[in-house]
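Visitor: Below are the chains, spelled out letter by letter.
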Amino acid sequence: MATKKKEEKESKKESKSKENLEYVNKQGKRLDGRTVDETRPIKIKVGVVPNADGSAYLEWGQNKVIAAVYGPRECLPKHTANPYKAMVRYTYRMATFSVPDRKNPRPGRRDVEISKVSSEAFERAIFTEKFPNTAIDIYVEVLDSNAGTRIAALTTAAVAVADAGIPMRDMIAGVAVGKAGGNIIVDLNKYEEDAPDAVDIPIAILPNSEEIVLLQMDGLLSKKEWVEARTKAFAAIKKVHELQKQALLEKYKNFESTPSNDGSDKQ
Amino acid sequence: MKKIVVPGEIVSIERKRTGEHVFLQNGRIYSDVLGIVDERPTEVAVVALEGFYIPKSEDVIVGVIASEKATGYMVELNSFTQSFISKKEVREQMKPGYIISARVIDVNELKEAELSQVRVFYGGEIISISPVKIPRVIGKNASMLEVLKRGTNSTILVGRNGWIWAKGGNLPLLIGSIKKIEVEAHLENLTVKLQDFISQSNKSVKFPSKPLAGEAAKPEEIKEVEKLDKEVFEELSNESDFNGN
Numbered sequence: 420m421a422t423k424k425k426e427e428k429e430s431k432k433e434s435k436s437k438e439n440l441e442y443v444n445k446q447g448k449r450l451d452g453r454t455v456d457e458t459r460p461i462k463i464k465v466g467v468v469p470n471a472d473g474s475a476y477l478e479w480g481q482n483k484v485i486a487a488v489y490g491p492r493e494c495l496p497k498h499t500a501n502p503y504k505a506m507v508r509y510t511y512r513m514a515t516f517s518v519p520d521r522k523n524p525r526p527g528r529r530d531v532e533i534s535k536v537s538s539e540a541f542e543r544a545i546f547t548e549k550f551p552n553t554a555i556d557i558y559v560e561v562l563d564s565n566a567g568t569r570i571a572a573l574t575t576a577a578v579a580v581a582d583a584g585i586p587m588r589d590m591i592a593g594v595a596v597g598k599a600g601g602n603i604i605v606d607l608n609k610y611e612e613d614a615p616d617a618v619d620i621p622i623a624i625l626p627n628s629e630e631i632v633l634l635q636m637d638g639l640l641s642k643k644e645w646v647e648a649r650t651k652a653f654a655a656i657k658k659v660h661e662l663q664k665q666a667l668l669e670k671y672k673n674f675e676s677t678p679s680n681d682g683s684d685k686q
Numbered sequence: 007m008k009k010i011v012v013p014g015e016i017v018s019i020e021r022k023r024t025g026e027h028v029f030l031q032n033g034r035i036y037s038d039v040l041g042i043v044d045e046r047p048t049e050v051a052v053v054a055l056e057g058f059y060i061p062k063s064e065d066v067i068v069g070v071i072a073s074e075k076a077t078g079y080m081v082e083l084n085s086f087t088q089s090f091i092s093k094k095e096v097r098e099q100m101k102p103g104y105i106i107s108a109r110v111i112d113v114n115e116l117k118e119a120e121l122s123q124v125r126v127f128y129g130g131e132i133i134s135i136s137p138v139k140i141p142r143v144i145g146k147n148a149s150m151l152e153v154l155k156r157g158t159n160s161t162i163l164v165g166r167n168g169w170i171w172a173k174g175g176n177l178p179l180l181i182g183s184i185k186k187i188e189v190e191a192h193l194e195n196l197t198v199k200l201q202d203f204i205s206q207s208n209k210s211v212k213f214p215s216k217p218l219a220g221e222a223a224k225p226e227e228i229k230e231v232e233k234l235d236k237e238v239f240e241e242l243s244n245e246s247d248f249n250g251n
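Protein sequence lines correspond, in order, to chains A and B. Under this note's numbering, residues 420 to 686 are what the first sequence spells out, in order. Under this note's numbering, residues 7 to 251 are what the second sequence spells out, in order.
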């Protein structure tokens, strides 16, 4: 009996310590030193899978994601094909070593759900009606994770689709926003996601039209908080989108500076 | 250097006719692929840097027989679907693996091509390149192709679908040259660069005149080729109806 009470006391103490955790300090800095509307450092590289039609690799903080795109190609099995548009088949997978405890490699409920919502986002972005009876396959593998992988995967896949030369309305970009310790913050990491009052909202949009193509929510927010979260998210997404653009242009930059015998421009 | 745009980037805010790979949204013209902007006074288009082959009417393609059916052959032509050729169209008996060239006469709403004017090729090799870079392999008035033919002494037939059939001559050099075109397709003065590249690796090749140092020292012919090449760059998507032989 006594031991139980002690345990309860301890667990209470622990939860209290979590509540007391200062998610945003007086200087406006978070646990890992970021400001409230700052994302983790993002690095994107294009054309990493030679056999794919388009591919990209991304590091978003500790997240590491690789995406490969094939198609448009023949849609097999044939009965899944749609004679009016291309099918977008998005496959989100986490590597077994991407989380602290080994993940079962069998696709679980979570993987299937993320694949579904992400493929719906891409169906909106890609001009699918131009390629009837075909399939566009997008494979995304998460190699390392620390919260916000579905958005990291979507961001990488958008770059890979652009690299494959598939016509799109816009390049999808996204970010996760949420709440930890009463503060609205952008791009939560694992610690912030585990806060007792945590809210996690992955948002992906088409940056030009600001059309939302993916929105999910964990937890509760007031309307005022939501408006603040959305504004912060859209501002952060613009920055992510800029990085995506740069990554694509980088592929063609390497040859611009090569010396060529074109004195024609100068004379 | 021309402007490179990514999908969803604004190409023009003026009212213009829309060419390939652009679309209108809220009165602005956006690009739908990664490509180079081709803006003209009345029309705006984007020339794709990455892409795949969609059959178009009047294209000359290089294909491979995939299988034989009772009444015809299925042809693989680097597109979403294989195409069918009736046995009435061809005089020769063919087997899977035969290389052919054909003209696309019609494309249906499922982007399936109808072929005719089939010619069979014996021997040789198929070199593949991204289909969007084929116009650069040909060049304006087939200037680039002329350089390749002279430099390598091969018989070449370029298919719009990104497959190039070649036989005889210096094939390794030809493959190297085509790789170079593929990597540097978005740059200017490619024909001159290719001439240099070929004459460096094969000293015996003589082009009409080698480009000398500086613009002034260049003979008229090279200047003309360069000028043409520039025009090609501007009209990368030229519809030049081309047959290599």
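Please keep in mind that the hints were generated in silico from the structure rather than gathered at the bench. Any given hint could turn out to be false.
What the hints assert, rightly or not - Okay, the calculated beta carbon distance ranges per label pair:
1. A:V518 - B:E95: 55 to 63 angstroms
2. B:F29 - A:K535: 51 to 59 angstroms
3. A:N523 - B:E82: 51 to 59 angstroms
4. B:G175 - A:F653: 55 to 63 angstroms
5. B:K93 - A:F546: 36 to 44 angstroms
6. A:E630 - B:K75: 33 to 41 angstroms
7. A:F653 - B:R23: 45 to 53 angstroms
8. B:N147 - A:V518: 58 to 66 angstroms
9. B:K8 - A:N444: 44 to 52 angstroms
10. A:K658 - B:R34: 53 to 61 angstroms
11. B:R23 - A:P502: 50 to 58 angstroms
12. A:N523 - B:K173: 49 to 57 angstroms
13. B:D202 - A:R525: 52 to 60 angstroms
14. B:P178 - A:E548: 24 to 32 angstroms
To be verified - List of simulated lysine-lysine pairs, BS3-like, C-alpha gap at most 30 angstroms:
15. B:K62 - B:K8
16. B:K93 - A:K497
17. A:K504 - B:K22
18. B:K93 - A:K462
19. B:K94 - A:K670
20. B:K22 - A:K497
21. B:K186 - B:K62
Here the structure is a predicted model, which means the values were calculated and not measured. We treat Cβ as the ideally placed atom computed from N, Cα and C, and that holds for glycine.
Visitor: For the hint 51 to 59 angstroms, verify it against the beta carbon of F29 of chain B and that of K535 of chain A.
Guide: With Cβ atoms ~27 angstroms apart, the hint is violated.
Visitor: Between K94 of chain B and K670 of chain A, does the CA-CA distance stay at or below 30 angstroms?
Guide: violated (47 angstroms)
Visitor: Starting from the range 36 to 44 angstroms, see whether the pair K93 of chain B and F546 of chain A falls in it by beta-carbon distance.
Guide: Because 37 angstroms falls inside the window, the suggested range holds.
Visitor: Is it true that N523 of chain A and E82 of chain B lie within 51 to 59 angstroms of each other by Cβ?
Guide: violated (40 angstroms)
Visitor: Please work out if K504 of chain A and K22 of chain B have their alpha carbons no farther apart than 30 angstroms.
Guide: Holds - the C-alpha atoms of K22 of chain B and K504 of chain A are around 28 angstroms apart, at most 30 angstroms.
Visitor: Decide if the proposed pair is consistent with the structure: K93 of chain B and K462 of chain A, CA atoms, cutoff 30 angstroms inclusive.
Guide: violated (55 angstroms)
Visitor: Using the Cβ atoms, figure out if N523 of chain A sits within 49 to 57 angstroms of K173 of chain B.
Guide: holds (54 angstroms)
Visitor: When you take the CB atoms of F653 of chain A and R23 of chain B, is the distance between them in 45 to 53 angstroms?
Guide: Given about 33 angstroms between the Cβ atoms, the range is violated.
Visitor: Decide if the proposed pair is consistent with the structure: K62 of chain B and K8 of chain B, CA atoms, cutoff 30 angstroms inclusive.
Guide: Within the cut-off at roughly 27 angstroms; holds.
Visitor: For the pair K8 of chain B and N444 of chain A, does the Cβ-Cβ distance stay inside 44 to 52 angstroms?
Guide: The hinted range 44 to 52 angstroms holds for K8 of chain B and N444 of chain A, with Cβ atoms some 49 angstroms apart.
Visitor: For the pair supplied as a hint, K22 of chain B and K497 of chain A, is the alpha-carbon distance within the 30 angstroms limit?
Guide: Distance of about 41 angstroms is beyond 30 angstroms: violated.
Visitor: State, for the Cβ atoms of G175 of chain B and F653 of chain A, whether the hinted interval 55 to 63 angstroms holds or is violated.
Guide: holds (58 angstroms)
Hint compliance for this structure: hints 2, 3, 6, 7, 10, 11, 14, 18, 19, 20 are broken, all remaining hints hold.
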